[in-house]
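There are 2 protein chains.
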Amino acid sequence: MVIQSKSLVSTSPGPDPVTSIAEERANATFDPVDMHAVIEGSPEKAQKILELYQSLERDPILAPGYHDYELSRDENREQTTARIARMTQYVENEPYEDFWRRLNLMTVYDPSLGIRISVNLGLFINCIRGNGTEAQYNYWCVEKESRHMKQLWGCFGMTELGHGSNAAGVETTATFDEKSDEFIINTPHIGATKWWIGGAAHSATHVVAYARLIIKGKDYGVKTFVVPLRDARHQLMPGVAIGDIGSKMGREGVDNGWIQFSKVRIPRFFMLQKFCKVDRSGKVDLPPLEQLSYISLLQGRVGMASDSYRICARFITIATRYAVGRRQFKSDQREDEKEETQLINYPLHQRRIMPYLALTYAMGLGTDRLERQHAETVKTLDDAVAKKNEKAIYAALANTKSLFVDSAALKSTLTWLAEQCITETRQACGGSGYSAYSGFGKSYADWVVQCTWEGDNNVLGMSAGRTLIKNIQTILEKDIKIKGSTAYLSDAKEYLNRKYYLKREEQLTAIEALRALEVLIVRVAAAAAEKQEKLESWDAVSYERVLLSKLHAHHYLLETLFLATRKAQKPEIAYVLSKVTKLYLLTNVLEAFARDFVSYAVVKPQLSLAISSKLVPESCLEVRGQAVPLVDSFQQPDGFLNSAIGVYDGNMYENYFKVVKTHNDPTKTKAPYSLDLEDMLNRGSIQSRARFENDIEASKKLSS
Amino acid sequence: MVIQSKSLVSTSPGPDPVTSIAEERANATFDPVDMHAVIEGSPEKAQKILELYQSLERDPILAPGYHDYELSRDENREQTTARIARMTQYVENEPYEDFWRRLNLMTVYDPSLGIRISVNLGLFINCIRGNGTEAQYNYWCVEKESRHMKQLWGCFGMTELGHGSNAAGVETTATFDEKSDEFIINTPHIGATKWWIGGAAHSATHVVAYARLIIKGKDYGVKTFVVPLRDARHQLMPGVAIGDIGSKMGREGVDNGWIQFSKVRIPRFFMLQKFCKVDRSGKVDLPPLEQLSYISLLQGRVGMASDSYRICARFITIATRYAVGRRQFKSDQREDEKEETQLINYPLHQRRIMPYLALTYAMGLGTDRLERQHAETVKTLDDAVAKKNEKAIYAALANTKSLFVDSAALKSTLTWLAEQCITETRQACGGSGYSAYSGFGKSYADWVVQCTWEGDNNVLGMSAGRTLIKNIQTILEKDIKIKGSTAYLSDAKEYLNRKYYLKREEQLTAIEALRALEVLIVRVAAAAAEKQEKLESWDAVSYERVLLSKLHAHHYLLETLFLATRKAQKPEIAYVLSKVTKLYLLTNVLEAFARDFVSYAVVKPQLSLAISSKLVPESCLEVRGQAVPLVDSFQQPDGFLNSAIGVYDGNMYENYFKVVKTHNDPTKTKAPYSLDLEDMLNRGSIQSRARFENDIEASKKLSS
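As you go down the protein sequences, you meet chains A and B in turn.
According to my numbering, the residues represented by the first sequence are 501 to 1204, in order.
According to my numbering, the residues represented by the second sequence are 501 to 1204, in order.
For the record, the hints were derived by calculation from the structure and aren't laboratory data.
In this text the structure is predicted, and so the values were computed from the model without any measurement.
One or more hints might be untrue.
Same chains, same names: a pair is fine if it fits in one copy or spans any two.
[Said to hold, decoys possible] Taking lysine to any residue and the SDA-like style, the derived pairs with C-alpha atoms no more than 25 Å apart in a straight line are: (1) K1158 - E570; (2) K1050 - L1109; (3) K993 - H1163; (4) K1067 - P738; (5) K879 - G541; (6) K830 - P688; (7) K718 - E678; (8) K1158 - E678; (9) K838 - A667; (10) K545 - R1066; (11) K783 - D719; (12) K1079 - S665; (13) K1104 - K1114; (14) K644 - S1078; (15) K999 - P788; (16) K1034 - R586; (17) K763 - G514; (18) K891 - N1155; (19) K1161 - S572; (20) K1067 - E634; (21) K650 - Y1173; (22) K1034 - D785; (23) K506 - E994; (24) K999 - K1201; (25) K506 - K548; (26) K879 - V518; (27) K981 - P767.
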């Protein structure tokens, strides 16, 4: 037995994950820095992101740490508040675009911070910009400095206890009082209580309240009103009742609150009046373009799609490094090796995590495209509106339709997939994945609300799917081509009439898979259209609508991935990207929707079985060879990953143990409740505890 | 506007979920009490469970409450300790079987408590019983009273930092010192640190340590040793280093710890020696029946399968009641209704939750069967061993093989399905599902470790699947019939050679679905067998092995459900059970594995599409009609569900609001950190904060 001292004293050789990781890097066929630029869309954006990572990992208040995984609710909120205060300095000092990128990156490790600021700067201010006049925006956001998180803190009062998804159904009332030229904001019953309002419990000074405009007994539908909640001393305004909504599954750093208004009076001009206007006499001027007001909500959806990419990148990085460093059992395919087999060399393990690696690439490229599409669409529309060019406005609105479909499909599909990715990568790290210090637990709990808020995933999916079905109906009935992101539906007739069947392995190229996906979408949509017409119900085809939304999202991603591969300048990058694309299309597309591909006669059953039993394992193995450089390419540093088992150098056991010991003082060998435990173990007999009342002697006395 | 005062003052009518729930109950076609007896296997067991619920909901310490969702780690552990202390009174006073039933029920709402006690009374004591001599069991468990959670507290030292699933690979050593007649327990390096050991951090006085038996330089493999960790004053023994493993994703009430042994000496007879014996001179007597020692681990697996049923019952009850009480939007299928549409009346919502309702029935009946199978198998074996009847022992071992396959397949498949069920039912409750007070968040975080521990699901699935493939190989090569729970494989040749094709809707009866499932299993297993033989690797068919394990689990459940329906005495029970069975087989079986059914030519593609687009919606609708009585039949009382939105009377809004206000004092209108917030909002200008050093005046001065 050789005793040796390195970082620790060992009496026999222990595991050596560091060497395993180093070997992987030695075999890299490409430079992760090059790949990073491809994933992020440009070298400039990639560099900006790294600069921000550096700034964040150094910042004493903004930098994440393992202690973040141990905070109580109160501590969490305190920390978030300190981080917000720190962020106000950045919002005043760096370009707005950089500030948002910083916030988006921080959202990966501190989603509570992300949403607290996003509700204020995103929802609250976007709502004023989208629904208010220029003067109203200037007053509330510029003059009052709320856009710099100063003086005012705004929250977003849409959801009620009784109404979430159906925002048009909210029941808070804003009744015009002609006498005083005021609106009276009122919560008529418990169901209309504003609920879940982020920032309301403790932070907000103002809310944009969604309320029914009532004038002379007539209900004009839901409009938006700026309502002060707290005065300059941060005391609740009269008539305003607010409380903390309490503990949540995650995001404990957010002070979500409930709000009840009891006949709260606000001046008429606190109503946001870009579109709908109410004059002094209560006359209502209803807008022709009120739909424009909803575009401001799209930023959130686009952001959540991007969040999905970054959170997947984080956890697939951790799980891949763990799979390389961790050895367990001996594979019967590696009997020549001395040591136990690395998890990543098991076919099943590859099949569990490699598809998520490929998916993350598709997400990265796809959401970069979505971000650009969003920026362009908004800019075109803003320009047209600024020029008051009605024709240009309507032209721009056509683009927003594509953006609605794409962002709805991608937000819902990607947030769901990210939920699955966190779950599967956590399980792939075994027990270590259950430790708070690996990062999975908190992130999962924080993440999953993304599937519910700002458009419940099923509601969004149904909405995107409905558009696809309507497009198909238009194409088939009117025989016209359509434009925008669903233009591929225009070939519907051909796809329906001509036999299209993938039969052979050689056909499984990216371009053919894209085509196959289009054929499937057309066939599902056409069948759904028929069913919808027959049953005269859209609800009857809701399942098909969500399915179509998912397929459309994958079409968007696959198309982007395919184009990026073709555009890649370095051959070694193009080569590995083509392998990633292949894996993505085999697993996330052809295998995930295999039943539909087979049943709608797009893929032959035999080929589908071959995909599962032969092609997927082969493709996983191909990507596995470059797995470490592929995750290194996400360029997320240790301080950002914040995972004891996911460190860059692979030294996971020593690092994990050190974190455990640092955060749980081993010199305290007894728990604070140890006396209770000891007392319990050392308790007397049942008889003595019953004061011997049940003994034979007592029995004798009692019966005598 | 009518103002009225009921429980609260409303200025217009609010939501009325209570009436909605009452209407559902009025339409019940059967008595939930009858159904409860069917699900639990007998009226006696059903009654026992209700008595235990009553005892628990009254017990001041054991009863759950909403405060449970807000505990810090320290508070959680303190509460768990208090509950353990309370449970010691029950373990001394009620029949052991009742005590375990009580503990299993409590595990649904307090899994930390469940596992803390299970590690001690289950793993620790079962390990001594399974591996130790009768004298050893009597000494450690009876004389020392550990079976009553007294004097000693045992933990289970199998897992190490470097070895989890591969228990045979643990690296802790137990070296025999002939001179002193002792074993020296040693942790040679960091990888051999005992890790995750439940109860080690603070509670345990002893551990059964899995360590390599080393005698005269020879490694005899992993054996078990009782090692004292703490002395009678609860101080750590010399050479024993223990620490808290820290924060986890869930189960924060458990004091998981790490243990390192530095040459810790124990007497030779602390080694458990039922099978493997070491005499005074170091001679080793190796056992012929060491495999018997693993049977004691099966109790945990059976328990986790049962846990899956009860946790699904809890959340499907909550989600179903919520879906009845919650109204949102207006379905285009219910335009005649005045109010918005109840979630449960949307086809998509039915499709999201009804399949889990059917699954829960299948789980309930299936795990009751598994519990009985386990009890019988253990009893038969124990009897044979007691009689030292070797022939009877070998006969009993054949039964244990079935139990190994069934419990592995059911533990892995059902814990995974339960994970999905909690996720989907939570999402089906929208934002309310994210509130801690609805119960989903804590339960999810507590639950998911079930997929990892006591046999990682993929490892267990591979194990069960391997047996199925081996069985098929035996059947096909040797042309013999097999017995036990995989007897249905005996028809393999017929299933492979004869064409078997479900084409028509009328064929989709339970008995035909069971047959179809058998045909699919046979075909998947045969294809996997061929691949395994060709590639000479079991790892190459790991994906197929896990698939087979899942299919076998569903076969077990479907068979049980089918038989229970046939056996049901009351016609109204049989009728509704047949509907539940139909929904289960359509969704959880035929749709969940649709690709395989179609590609292996068991179900026609057209029929598969019809299942999805027509039969599943129809079947969901049928079950939806009795959804509330069906979940009432689980008979879980409000105090046990512990969900603000899942209460029996359906009064979810008022109840939820009351819970929020009770647990978050609204009179505290400012947060403890409010001054930081106010200071941030009311900060001075950038210029003033920079002491005007960047102003023009300063610039002039500095440049002059």
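Exercise. Checked against the structure, which of the hints given earlier come out wrong?
Worked result: 3, 4, 8, 12, 14, 15, 16, 18, 20, 22, 23, 24, 25, 26, 27
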